[in-house]
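Participant: Take a look at the letters that make up each chain.
There are 6 protein chains.
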Amino acid sequence: MAGKEKVTALNCGKDAELSPPNAAYFAKCMEKLGFVPNVLRAYAFDNAKLTAFIAMADDLMLADSGLSKLEREMIAVVVSSINHCHYCLTAHGAAVRQRSSDPELGELMVHNYRAADLSPKQKAMLDFAAKLTEAPAAIEEADREALRKAGFTDRDIFDIAAVAAFYNMSNRLASATDMRPNREYHYMVRERAAPKASKGKRG
Amino acid sequence: MAGKEKVTALNCGKDAELSPPNAAYFAKCMEKLGFVPNVLRAYAFDNAKLTAFIAMADDLMLADSGLSKLEREMIAVVVSSINHCHYCLTAHGAAVRQRSSDPELGELMVHNYRAADLSPKQKAMLDFAAKLTEAPAAIEEADREALRKAGFTDRDIFDIAAVAAFYNMSNRLASATDMRPNREYHYMVRERAAPKASKGKRG
Amino acid sequence: MAGKEKVTALNCGKDAELSPPNAAYFAKCMEKLGFVPNVLRAYAFDNAKLTAFIAMADDLMLADSGLSKLEREMIAVVVSSINHCHYCLTAHGAAVRQRSSDPELGELMVHNYRAADLSPKQKAMLDFAAKLTEAPAAIEEADREALRKAGFTDRDIFDIAAVAAFYNMSNRLASATDMRPNREYHYMVRERAAPKASKGKRG
Amino acid sequence: MAGKEKVTALNCGKDAELSPPNAAYFAKCMEKLGFVPNVLRAYAFDNAKLTAFIAMADDLMLADSGLSKLEREMIAVVVSSINHCHYCLTAHGAAVRQRSSDPELGELMVHNYRAADLSPKQKAMLDFAAKLTEAPAAIEEADREALRKAGFTDRDIFDIAAVAAFYNMSNRLASATDMRPNREYHYMVRERAAPKASKGKRG
Amino acid sequence: MAGKEKVTALNCGKDAELSPPNAAYFAKCMEKLGFVPNVLRAYAFDNAKLTAFIAMADDLMLADSGLSKLEREMIAVVVSSINHCHYCLTAHGAAVRQRSSDPELGELMVHNYRAADLSPKQKAMLDFAAKLTEAPAAIEEADREALRKAGFTDRDIFDIAAVAAFYNMSNRLASATDMRPNREYHYMVRERAAPKASKGKRG
Amino acid sequence: MAGKEKVTALNCGKDAELSPPNAAYFAKCMEKLGFVPNVLRAYAFDNAKLTAFIAMADDLMLADSGLSKLEREMIAVVVSSINHCHYCLTAHGAAVRQRSSDPELGELMVHNYRAADLSPKQKAMLDFAAKLTEAPAAIEEADREALRKAGFTDRDIFDIAAVAAFYNMSNRLASATDMRPNREYHYMVRERAAPKASKGKRG
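Chains as they are written, first to last, in my numbering: chain F, 1 to 203; chain H, 204 to 406; chain S, 407 to 609; chain A, 610 to 812; chain C, 813 to 1015; chain V, 1016 to 1218.
Chain F with its partners taken away, still in its complex shape (with noise of 0.2 Å):
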């Protein structure tokens, strides 16, 4: 798939011929983003693999749900910056740039989200898939009535849970693979804001 570099510290062969499921999806992402994510291209030494990584990624963050779009990558990045993953904080840091419209909030997402000036129940969520992250034996009842406190029902409780979860997968794969983001993930939504749009604290 295109390019020398290489995308992760592991030699797993050449990549396979791509299904042609799998071959749209990559002529998508080059007609859309102008590249194949990284993440997409280290598992295309198998097409089941990747097969499977899409329709999962696809489904959490871009399937019907109580939560946004947006809230999703909020969620992916402040697992991210927990677990200290290069290649996620790239690629999702932007998607949160770009899903907001607001850089700030992005930064904010990377480096500590209890700095940005989020909604209670915004709060709460991201409360809950930290402490997911950092203890996920210590999640009792308690915490689950707090999302639903917070306004949250069952089903973005599930939502919530899960889209943690997957980002402790992806991370901990990026990590133990040394996954390169592209490059132009560090240059997308760099550019100021209209006076309107923070949604940090700092306005």
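Don't take each hint at face value.
[What the hints assert, rightly or not] Sample of chain F residues at the chain A side, in silico, Cβ under 7 Å: (1) HIS86; (2) ASN112; (3) LYS123.
No lab work stands behind these hints, which were simulated from the structure alone. Every residue gets a Cβ at the ideal spot worked out from N, C-alpha and C, and that includes glycine.
Since the structure of chain F is already known, use the hints to place chains H, S, A, C and V on it.
Facilitator: The following block gives chains H, S, A, C and V in isolation, referenced to the frame of chain F:
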């Protein structure tokens, strides 16, 4: 899907009408195990989520790999032990007992793999999985190099990482939702093995 | 003392000639259990150490107390789970199964007591034992007060503390010496209990 | 000092009348940066505190040293990444981008320096700063010796220690007061560098 | 600067010719204490560093503040206890003994402030300092609010934060350089106080 | 047992009538120390508990061993320093001062043994005790092997482990009950030793 008991602490609404492949999968579980694993029932409110989970889990645990199926279950249990995940320790503890025919090996993985009498290669594999679970940000080339020196190929390293990462996800979904294991797992392969089989130190 | 297998990784010389009370104690173990627990054999190179250990362990686990013998075993296993002590999880996991006639309760204590369906009083007891294990420096009057509010007397609190403290010792001696549990423990009380007995959530 | 926005969550009263050297310093900031860094404004209620902070910070970051100014900024960001300090990651992340002309290097320091393609000497420097941040009590002669073997003089080691220590202070003052970075930092040196410049692995 | 013994493990070259104010400061130390604190001698290879350190330390510990000088020393010792800094525990442990005329209070701060019989206000102050030391990223508005409720002004909170932050720096410089306390500190204010003076619980 | 002050925060009822051996033991304490250590008084509500504690403590700290009595006290203090146990740091800190005639060595063990100028053998001993305290699950054969290489026999390793384990128990009982040290300990062996005696680095 059968039974009255709640599978998790969340009420995500009633189960979806299963897609034909998912229905067939559940039927196969009933046939082979006598029950449908609760992790699958936990996803059954949504066919897309269920499908993606099955595809990823089966690829990781059952597809061709340089790691044996037992080794992949050992990784699953070691990760779940660190994360103190009751669901996964119950289900995959049973799987280690079953695939090894060694109930004591199952207990060793649940308790502390460092107490088991493992080959240096398997020890290196589990050390990597443990570090990736506890301190993913600290993984460095030296950690991958230790696996290569122990005899693993880069492709094997990918699989070790992917399995360990997957259970870091699965543990967190289970803990976040208070997922409850099927009771049957507790009672599988608990009889003492024939004298030769022990892989633990205690022989 | 019987057998060829090493009980720990240390060679502390041959066993002492047991004092009459220690010899009688070993004989009673053989009669009741069919074996001498390896923790006792690990101390058998020195009668004074063995005597002191038996005196303290038996007082804590068997003497009159506001805590039931099962509750004391539950504390032992919860502490050992946090410390990942293979010896104690094996021996005292069996004891929980035996005293409760509930194999699943044993597994719950080994895996994560927070997944068990406990009374608020027992939950408070185990929360205290867990905090005392993980962060003894952070115990404050509020922690003792929580136990009093849950219904414990000061004398009960002493016993909770003493049992939890003792297994923090025992876990460390076992881990430091690679103490190996008698294989028999793995196979005790593994049969499914009669329907009524479950104390876990999974009913 | 200009502006309506609060610089921290604390109301420490109105700014002092700046001493002539402090006023001159603020004027120089306005001239060179177009703004006064909020950390200075946070101290502006008290001339003595402001003077002492400026003296120490400028000595550490700008005085002669065996470490380049970029290296000192790299240490600042690595420490701040571990401590998840939004203020310092924003301000010193911008400084790394500026001094290196490499926006990607800035992101690598913010995310996880272990993902960067550093010289062994710089890697050793940041490993020491990270350990000093996370586990100061565990520093031993072997850690200093590792720096000497990497090519640092004792005087350099003092500077590595002093810079890392200083940001462990500054991070805590910023977190304790909810110090808010000037928004301008987010937008500095975000343009893609000319092809040659990358210091990251991703080239 | 006098003496044969090494002050740190680093050889930073010979001491600078002290600037007149620094020389006067050293002379004042000799006069009042009978020795120059080794932390000052550790900076004496460079006048600018020494000047900046003295200015910041003296402002924090001696300038007007809503916190008493004893309270600031208590914070210094509590932070140093968490960081296990031998230099600062020795020097500032002596300072707590001296400013309180209560040797036992000094020991309590060195060992664990939670064992001391403090006012709720002082307890809140030290709880904040401890959290800021251990988990700076987790400080939130609720932590500042707890200090306000305990009776502190925002200006006091700044001072609590600044002192705690400063010793997080100083501890790390001392540990990084193996800074060695003047032996005199060990022997200062060790005599038992008159009956009334105890501030510890042990009365 | 003498005095008005509470020994712990728990009211376990009035002291038992001491058995003759326990009464004799208390009398011997009065004769030798001038007081009964509060840890003994804390157990005095129950003769069986008191007897068992004395038997175990005296065997560990006073019986024949390859470790000197001072070395055993050093382990006690290092473990208690990690666990921040005020009672044990006070009582056993005094014991190190007494057995070494070196007040500074006592402080070094209380603060951070890594700052002391120990022989490689004693350093290895304390490194093992520290790891066993902080991360018992991570002890491996390599840790025992390091002790053997440092010159310890397997029997010595048992004693290092047993003493470190015992203070992990004792620290937790003291913290759980808010055990308060006899004030006398603070003032024992505080005078400066004759010039030759220092075992610390600070000579």
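Participant: Could you run down the list of hints and mark each one as holding or not?
Facilitator: Here is what the structure says about each hint:
For the restraint placing HIS86 (chain F) at the interface with chain A, the shortest Cβ-Cβ distance is roughly 4 Å, inside the 7 Å limit, so the hint holds. Because the closest C-beta pair between ASN112 (chain F) and chain A is about 4 Å apart, less than 7 Å, the hint holds. Given the 7 Å rule on beta carbons, the hint for LYS123 (chain F) is violated: about 14 Å separates it from the nearest Cβ of chain A.
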